[in-house]
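Undergrad: This is what each chain is made of:
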Amino acid sequence: MLRVRLHGRGGQGIKTASQILGSAAFLAGHQAQDFPLYGAERRGAPIVAFARIDDAPILERGPIAIPDLLLIGDDTLLEDPQVAPACGADEWTTIFINTEQEALKLKDRLSLPGLPVVCSLGPLTRKHLGDPRILSVSLAAAGGRLSGRVSLDHLNEAIDIELGALGLDRQTLKKNQDLAAEVFAALSPAVFEERQEKPLVAGQLKVLEQQEVAQAAPLITATGNMQERKTGNWRVQHPVIDYGECNNCLICYARCPEGVIAADAEGKPVIDYDHCKGCLICAQECPRHAIRTLWERESHEQR
Amino acid sequence: MNNGKRRMLTGNKAAAWGARRAGIEYVPAFPITPQTEIVETLAQWFADGSLKGRFTNMDSEHSMFMAAGAAAATGVRVFTASSSQGILYGLESLYTVTGWRVPFVMVNVSRALATPITLEPDHNDVMSTRDCGLVQLHAETCQEVLDFVLMGYKIAEHSQVSLPVLVNMDGFVLSFSREPVLIPDEKEARQFLPSFEPAQPVFNATAPLARASAVFGGGTYMYFRIQQDLAARHAETVFNETAKEFGERFGRFYEPVERFQTDDADLVFVMSNSFATKGKAAVQKLRRQGIKAGLLKISLFRPFPAEAVASALMGREKVAVIDQNLSPGVGGITYPEIVTALYGRPGAPKKILSVIGGLGGKDIRENEFMTVVDKLNDPEEKGPVYLYDEKDWAQFQALAKIARAEKGGP
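Heads up: the protein sequence lines correspond to chains A and B, in order.
The opening position of the first sequence corresponds to residue 1 in my numbering, with each subsequent residue numbered one higher.
The opening position of the second sequence corresponds to residue 1001 in my numbering, with each subsequent residue numbered one higher.
Bound-form chain B, shown alone:
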């Protein structure tokens, strides 16, 4: 166990190492922004012979995801990556290839969407792929990025799942940040993840088959869609089996949700991805101040682990769901999912508050966790609470003054 090497790696490099240790055979990649260092690293490895197989530059994310699905349908192990506007551009293809029921792993480097334009992170890009039928694993650390890529193949290729897996990490905060990451030994990684054995017939020149079937009337369409739902739901069981095997082999144990000091907590923050680290630090500080806080981190976002969420939150008094995304007209996107998971259960929290923060790279400052505690304790506060203060308002006004000045120009 743990014969690997520990190194300082960015999230991007950790993703590339995950793919390398998975023994990937094909990478289709759109090579221009918003593409990342992930495929740059893989391209180098294919060029210098560290990776055997094929790396192909594609003209867009739309064709990239289509190529990923088509290659997976020939029975090779495929990896690809995207980010932000890129994954949106490929959205049509993502629906298409999940319908083909072909397994591959992709990494999304989460960054906010236009308009207004920014480069900085939030989760609206990955939330836009929520309903595609992808299995989604959201990473808090660079180690999780690597581990989830490896686990992702095992889940994707499982005969009763056979769906693409998306591993999500925050842009900048993880993708550019280095921290110690253990790269598993190659032999051990291959023992955990042997070669891809397709669970269904593959494209083959001598045995023609069609995959993009058209069906009309609805009944047949619905059959396939229900099958997709059942496979996606089953992916939770497969996640648990995979995580158990991974933990026994590598010593790092994962669950669909991570309970951080939730068992005796009066109030719980629900978070995901890299800012969960900040949430954990806040929980520790709040406890030193006599406030029994806890944090529930969602690692498996699709399928949604409703039972695990409910069992962690039942008996807790107050819950704040902190969404770093926004569905205009609704609010936080994971909030209703948490509420649904708890609906009608005995011991459900008395208050579940929707909090929206950290959009477009805005920090969630440590004192803001105390602000959330205040709002949880305020019986008048119904939410959603936007983590936006006078300082943010002043900063906006200063820029607005320049943008809307009567006179400008040289």
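This is chain A alone, in the form it adopts within the complex:
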């Protein structure tokens, strides 16, 4: 069985990528399963999706802890401890990263179990679709090619089915298929060895004792703990205050729906980037247009 895990952000088409891959495998005559996993977050928040491909009936369900093929669509997630996209990857895992960074440097810096396959999908995606951030087809094509289980024809048919269902016209479908062909040609199939079956081993269970109700009820006594949840990793764009233009009117502070803009001792607005979700309402509301927006990738490079 080939177990595929895809990482990216809400809005990049990660779920659709898993569906194109699943459909292509199905059309190629394999057994397939695909599904996304997300909670109550929104666009920009990290999401994960999965696909399983096999020739025998698939008797696994739920998330994949140890992937054979890992497709990381957004390199800004690589060092996010909450996402840990390389988690569970081992020496038998093929890791694909959509990045401009060098494979060897990434392997060393992130202590990856093997040399990742790197390819910058952005320029190819921009060339065909005009927007470098839509990964549904390019990531599916990378996965399909690396898997060695699907042909370009299967992939094209899957694109017709999955993107057609979203209402895309013929011309746009064709552009996506041209993109798929180029990604397909840029990569070659990886080698996957069937993992050796590990025997089932019994574990120790934890026997819970009854505890006092203050402990046993789902009670939160520590207020203000939302700061522990660093929602800054939901951001795809980044507001930056130009203090030369800013007149400290604090409209941004008043309008921020997340309460992550505070006034410092001199009355200047300061953005808490650990928690700013990048909604950019501040930039929209600033009467002096003193708040610029940067793509997250650009700001990562600046920092």
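Note that these hints are calculated values from the structure, not bench results.
Note that beta-carbon positions come from the ideal geometry of N, C-alpha and C, so glycine has one too.
Any given hint could be a false lead.
Unchecked claim - In the DSS-like style, the derived pairs of lysine-lysine whose C-alpha atoms are separated by at most 30 angstroms in a straight line are:
1. B/1401 with A/277
2. A/127 with A/107
3. B/1351 with B/1401
4. B/1401 with A/230
5. A/206 with B/1187
6. A/198 with B/1318
7. A/277 with A/230
8. A/230 with B/1362
9. A/105 with A/127
10. B/1052 with B/1005
11. A/206 with B/1382
Unchecked claim - Here chain A is said to cover these stretches of chain B; the calculated rule only asks that three of the stretch's residues, wherever they fall, bring their Cβ under 8 angstroms from a Cβ of chain A:
12. 1154 to 1167
13. 1178 to 1187
14. 1385 to 1392
Claimed, not checked - Per label pair, the in silico range of CB-to-CB distance:
15. A/224 with B/1292: 49 to 57 angstroms
16. B/1006 with A/191: 28 to 36 angstroms
17. A/196 with B/1340: 40 to 48 angstroms
18. B/1206 with A/281: 54 to 62 angstroms
19. B/1247 with A/104: 53 to 61 angstroms
20. B/1005 with A/224: 49 to 57 angstroms
21. A/42 with B/1218: 51 to 59 angstroms
22. A/166 with B/1031: 17 to 25 angstroms
Fit chain B to the given chain A structure using the hints.
TA: Below, chain B alone, put in the same frame as chain A:
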């Protein structure tokens, strides 16, 4: 046979296709969370003309189930769906409409109940509807979801049943997961399931009738309740007839319980819904390790197929009933039902262990099936066994530390 199309479908889409192939005429739907993609899909089909009939947004699941029952009482084919807190909110209406003895099909996407709040699956929601008088079919795969919706109408509308049918699927694990599903050909589906012919008088403007009769003194009340029980019990026979006809037509054969390698098994896991797939994988691995395991999957949960359960488990040495639900103060809800089915029978298993796992989206990991084997072999272990380990405890403690820290806030 099998002129249909195979497609990658989520459980939600499979449910919607089942309803579409059943030729549904009316869908009342509460449109807000915890509602699912099922009614979203149906709404699109009614809007674009693929489905003829009427789709009505309702203000709650309470009125939704009432509308479903009332519409079924006019003689149209009705479909609806809910999940989790939603089905609980409609619980009063479910008792009411089963008492009316009107047939329709509903799908429940099983998700755990508050409190604490979660979005993830377990079976306490559907277990709460256990005693309503619904016929219940629990699906392991997306294909079963579609097939059970079609079969569900045939059972519900049978003149000697005339009760609503609930088809259950696990949230996320089936509802969001795609796998290949064969959508039957429309003509073939209609041959299997012709138009709804009501078995009792229907609401009609020119022939008034009352359905929600009040009765006092108990004797009359009890008559109607016993009739409901007899009809629900008869639904097992009708399930078997329907499954036979369905199998002959579509090539997929279903039974009230599925015996997976139980015939020569020393120990058997009893499971239901989508995690039965994981159980089957574990059975195969255990057998490769020399342990003769088997799995009994409960597909028909109401009426409870006690004879089928007993005949599958008699002669087996040890049985673990894995419940993904919890009745506080009792334990697993299906456990006593399995024990009752076996009571007093010769050859009943020596040990029947209650195991509780997979609550609120917690996985049942493959090694945990071996842990259950260990517990079955431990003469001291009386159960219930909770599939909860040190890792789970550590995860809870880490969160508890944040939730109960002395100081917080910015």
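Undergrad: For each hint, tell me whether it holds in the structure or not.
TA: Status of each hint after checking the structure:
The straight-line distance between the Cα atoms of residue 1401 of chain B and residue 277 of chain A is roughly 25 angstroms, inside the 30 angstroms bound, and the hint therefore holds. A C-alpha spacing of about 29 angstroms is found between residue 127 of chain A and residue 107 of chain A, which places the hinted pair at or below 30 angstroms, so the restraint holds. Between residue 1351 of chain B and residue 1401 of chain B the alpha-carbon distance is near 40 angstroms, which puts this suggested pair outside the 30 angstroms criterion. Of the supplied pair hints, the one linking residue 1401 of chain B and residue 230 of chain A holds, its CA atoms being roughly 17 angstroms apart against a limit of 30 angstroms.
The suggested pairing of residue 206 of chain A with residue 1187 of chain B is violated, with an alpha-carbon distance near 55 angstroms, which exceeds 30 angstroms. A distance of roughly 25 angstroms separates the Cα atoms of residue 198 of chain A and residue 1318 of chain B; the hinted pair therefore holds under the 30 angstroms criterion. The hinted pair formed by residue 277 of chain A and residue 230 of chain A meets the criterion: a straight-line CA distance of about 9 angstroms does not exceed 30 angstroms. Between residue 230 of chain A and residue 1362 of chain B the CA atoms are separated by roughly 24 angstroms; this keeps the pair inside 30 angstroms, and the hint holds.
Taking the CA atoms of residue 105 of chain A and residue 127 of chain A, the gap is about 27 angstroms. The hint holds against a cut of 30 angstroms. About 22 angstroms separates the Cα atoms of residue 1052 of chain B and residue 1005 of chain B, which keeps this hinted pair within 30 angstroms; it holds. Restraint check for residue 206 of chain A and residue 1382 of chain B: the C-alpha separation of about 16 angstroms stays at or below 30 angstroms, so the hint holds. Counting residues of the region 1154 to 1167 of chain B whose C-beta sits closer than 8 angstroms to any C-beta of chain A gives 0, which falls short of three, so the coverage hint is violated.
Only when three residues or more bring their CB closer than 8 angstroms to a CB of chain A does the claim for the region 1178 to 1187 of chain B stand; here the count is 3, and the claim holds. Given a C-beta distance limit of less than 8 angstroms, the hint that chain A covers the region 1385 to 1392 of chain B holds, as 7 residues qualify and 3 suffice. For residue 224 of chain A paired with residue 1292 of chain B, a C-beta distance near 56 angstroms keeps the hint of 49 to 57 angstroms intact. Checked against the hint of 28 to 36 angstroms, the C-beta distance between residue 1006 of chain B and residue 191 of chain A comes to roughly 30 angstroms, which is consistent with it.
A C-beta distance of roughly 43 angstroms is found between residue 196 of chain A and residue 1340 of chain B, which places it inside the suggested range of 40 to 48 angstroms. For residue 1206 of chain B and residue 281 of chain A, the Cβ-Cβ distance of about 60 angstroms falls inside the hinted range of 54 to 62 angstroms, so the restraint holds. Remark: the range hint 53 to 61 angstroms for residue 1247 of chain B to residue 104 of chain A is upheld by a beta-carbon distance near 58 angstroms. For the pair residue 1005 of chain B and residue 224 of chain A, the beta carbons lie near 54 angstroms from each other, so the given range of 49 to 57 angstroms is met.
A hinted range of 51 to 59 angstroms for the beta carbons of residue 42 of chain A and residue 1218 of chain B is consistent with their spacing of about 55 angstroms. Checked against the hint of 17 to 25 angstroms, the C-beta distance between residue 166 of chain A and residue 1031 of chain B comes to roughly 21 angstroms, which is consistent with it.
The structure is inconsistent with the numbered hints 3, 5 and 12, although it conforms to all the rest.
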